[in-house]
Every structure is written in C-alpha cells, then in structure tokens.
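Undergrad: Given next are the chains, with one letter for each unit.
2 protein chains.
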Amino acid sequence: MTRVLLATKNLGKVAELQRILSEFVLEGASYEPGPETGASFAENALAKAREGVAASGLPSVADDSGLTVDALNGMPGILSARWAGRHGDDAANLSLVLGQLADVPSARRGAAFVCAAAYALPDGRSEVVHGELRGSLLYEPRGTNGFGYDPIFVPDGLSVTSAELSPEDKDAISHRGQAFRALAPLLTAALA
Amino acid sequence: MTRVLLATKNLGKVAELQRILSEFVLEGASYEPGPETGASFAENALAKAREGVAASGLPSVADDSGLTVDALNGMPGILSARWAGRHGDDAANLSLVLGQLADVPSARRGAAFVCAAAYALPDGRSEVVHGELRGSLLYEPRGTNGFGYDPIFVPDGLSVTSAELSPEDKDAISHRGQAFRALAPLLTAALA
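In the order they appear, the protein sequences are chains B and R. Residue numbering for the first sequence follows the working numbering, beginning at 1 and increasing consecutively. Residue numbering for the second sequence follows the working numbering, beginning at 1 and increasing consecutively.
Treat the hints with care, since some could be wrong.
Said to hold, decoys possible - Example chain B residues on the side facing chain R (calculated, C-beta under 7 Å, incomplete): (1) Thr37; (2) Asn73; (3) Met75; (4) Leu79; (5) Gly99; (6) Gln100; (7) Asp103.
These are computed hints drawn from the structure, not numbers from a lab. None of these values were measured; they are calculated from a predicted model. Ideal Cβ placement from N, Cα and C applies to all residues, glycine included.
Can you make the complete structure from the sequences, with help from the hints?
TA: Structure (structure tokens):
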C-alpha cells in the first residue's frame with residue numbers, strides 16, 4: 001500500500017483520517033509545520049500538503065478547517081483556532097464567539113463548519129476539495145464530545161450539538177469527513 | 001433654529017457634531033438607548049434615529065460606526081464596540097484585532113472606518129448616508145489621541161495613525177465627519 005504523509009502532528013487526526021483514507025498507509029508529520037498565512041482554507045490546506053512533500057518526499061495530504069458564522073461575515077473562518085488572539089485556546093475562542101453574538105437573534109445565527117482537504121504529489125500535481133456542514137449556533141454550550149466550537153453548533157436537521165454526537169455519528173456528517181471522502185478517490189486516481 | 005435630537009448620551013459626540021450640523025440646535029438623548037440588533041450600520045443608525053423621534057417627538061439624527069477589516073471579511077463592523085465580547089472595552093477590542101491579525105502580512109492589512117448617519121422625522125420620513133475612510137492596520141499601536149481602533153489605523157495617503165492626528169485634522173477626513181457633512185443638507189431640505 002502507498003505511504004502518504006498527513007501533514008499534521010495531531011495523532012488523533014491521523015487515526016481518524018486513516019479510517020477514511022483506508023487505501024493508504026498514513027504517516028504523521030515529524031517536522032514543525034510553518035505558520036498558516038494563506039487567505040483561504042484552500043490556500044492553507046495546499047500549503048500544508050506541499051510543505052509535507054518538501055519535508056518527506058512522500059505524497060501528502062492536509063486540511064484546513066474552521067467555523068464560518070453568517071453574522072460575522074464568514075469569520076472566524078481560517079482564524080478559528082486563534083480567534084481569541086492565541087493558538088488553540090478552545091474555551092476562549094468559543095466564549096468570544098458567544099460574546100460577539102450575544103445580541104444576534106436566532107434567525108441570524110446560521111453557521112457552517114468548512115473543511116478544505118488537499119493532496120500534493122512530489123511531481124507538483126495537487127488538488128483541493130471542500131466539505132461543509134451547515135447548522136446554527138446556540139447561546140450556551142451543550143455537550144462534552146468533540147472540540148472547538150462543537151458545543152454551540154447544532155447541525156441542520158438535528159436537535160443536538162456536534163458535542164452531543166458520538167464520534168462515529170459526527171464523522172459520518174462532518175465537514176472533514178465529507179472533504180476527505182471526496183479527496184480519497186482523487187488521490188487514488190492521481191497515484192494510479 | 002430647529003431643534004434636533006442627536007440619539008446618543010455621549011456629550012462629546014454632541015459637541016463634535018454640533019460643529020458640523022451648525023444650522024440646527026442639537027440636543028443629547030435623555031433616555032437609555034435600546035440594544036443594537038440591526039444587521040448593518042445603516043439599520044442601526046436608522047433604528048437609533050427612529051427611537052429618538054419616538055422618545056422626544058423631535059427630528060432626530062444618529063449614527064452607527066465601526067472598523068471593517070479586509071482580512072476579517074469586513075468585521076468587526078457593527079460589532080466594533082463589543083468585539084472582545086463586552087461593550088466599550090477599547091483596549092481589549094484593539095488587542096484582540098492585533099492578535100487575530102498577527103500572521104496577516106502587510107499586503108492584506110487593509111481596513112476602513114465606516115459611518116452610517118441617519119435622520120428620522122416625526123412624519124415618518126428618514127434617510128441614511130455613509131462615510132468611509134480607507135487605510136491599513138499596524139502591528140503595534142501608535143499615538144494617544146482618538147479612541148477605539150485609532151492607534152492602529154493609518155489612513156491612506158498619511159504616515160501617521162488616526163491617534164496621532166489632532167482632533168481637527170481627524171474630523172476633516174473622518175468617516176463620521178464625511179457622513180454627517182453629507183447628511184446635513186439632506187436634513188435641511190427635508191425640514192424646509
């Protein structure tokens with residue numbers, strides 16, 4: 001089976017995506033990824049995948065994901081993991097979005113989780129696809145599964161938050177699951 | 001001279017705008033304004049002006065203003081005064097924008113101060129106009145005049161921040177000055 005680098009140091013993400021990209025043997029990154037300076041999810045995902053190729057010489061896949069809030073003109077978007085001003089403080093990020101939306105009525109609390117998933121190959125070819133999960137935002141967090149903005153996000157058609165879904169149920173509908181399920185056959189074809 | 005309510009409790013704003021709306025006698029609001037729940041500067045300015053008419057029976061003017069940052073898809077926008085999650089904490093708001101833009105390169109740090117200025121009359125007529133001041137954002141604050149985001153905003157064509165301008169120089173180019181100078185003749189004509 002073809003070895004593919006997943007350009008992340010997050011081993012949980014490697015395990016999750018190994019289930020979707022089951023035709024390949026995924027490896028995590030051993031290098032420190034550079035800062036994300038792209039202007040879109042797609043730019044960041046492609047840059048990460050290309051960085052993976054440069055570091056490993058292997059075909060590489062990567063994603064960039066975030067929450068786009070209608071009443072914030074699509075932000076936090078690519079800044080989702082650093083919305084409160086520093087990287088990775090999930091509680092501060094979630095609390096900030098709730099504060100910013102405190103006066104926003106239910107009818108304007110639409111949002112979407114968006115994922116761009118990319119592959120890059122040593123010969124220079126690359127592709128990027130998107131997955132999206134629409135929903136709306138609560139006024140208070142609910143649920144303890146998941147991470148990030150999951151506790152305030154209710155997917156359209158459901159009455160529970162993403163943080164109240166089992167990991168398997170979340171994978172089945174998630175933006176990241178959709179994007180990588182779309183990317184898998186493209187990568188298979190490109191490597192054939 | 002015609003009395004006009006300026007729908008704000010900020011007496012500094014009353015004095016500033018009295019210089020521009022010199023044909024009228026401006027009065028500040030004596031009531032507590034309601035929350036701003038509109039989806040745009042214009043909606044908020046109109047709602048405030050109409051609230052002023054309802055409370056006073058006088059022709060009323062109002063504005064809603066904020067900073068629109070290109071790399072934040074136009075936000076903080078109408079949430080400028082509460083960007084860090086609570087109202088009126090200028091230092092927290094400015095610090096948050098700097099944190100969110102920490103990795104954004106100079107070429108993508110464009111921004112604009114935008115003001116919507118509205119009048120509403122007891123007979124139901126109303127109008128709203130906009131003023132805009134384009135510029136770009138620094139990585140560190142500079143200057144002690146002004147308020148809000150002034151210390152990180154360099155107007156296009158200048159090399160100093162809005163917080164390094166004198167109040168008179170700032171008034172001459174500001175989004176709020178532009179909007180109210182455009183509104184004044186419309187209000188005069190409407191009241192003629």
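Undergrad: Taking the hints in turn, state whether each one holds.
TA: A quick look at each hint next to the structure:
no.: 1; hint: Thr37; verdict: holds (5 Å)
no.: 2; hint: Asn73; verdict: holds (4 Å)
no.: 3; hint: Met75; verdict: holds (5 Å)
no.: 4; hint: Leu79; verdict: holds (5 Å)
no.: 5; hint: Gly99; verdict: holds (2 Å)
no.: 6; hint: Gln100; verdict: holds (6 Å)
no.: 7; hint: Asp103; verdict: holds (5 Å)
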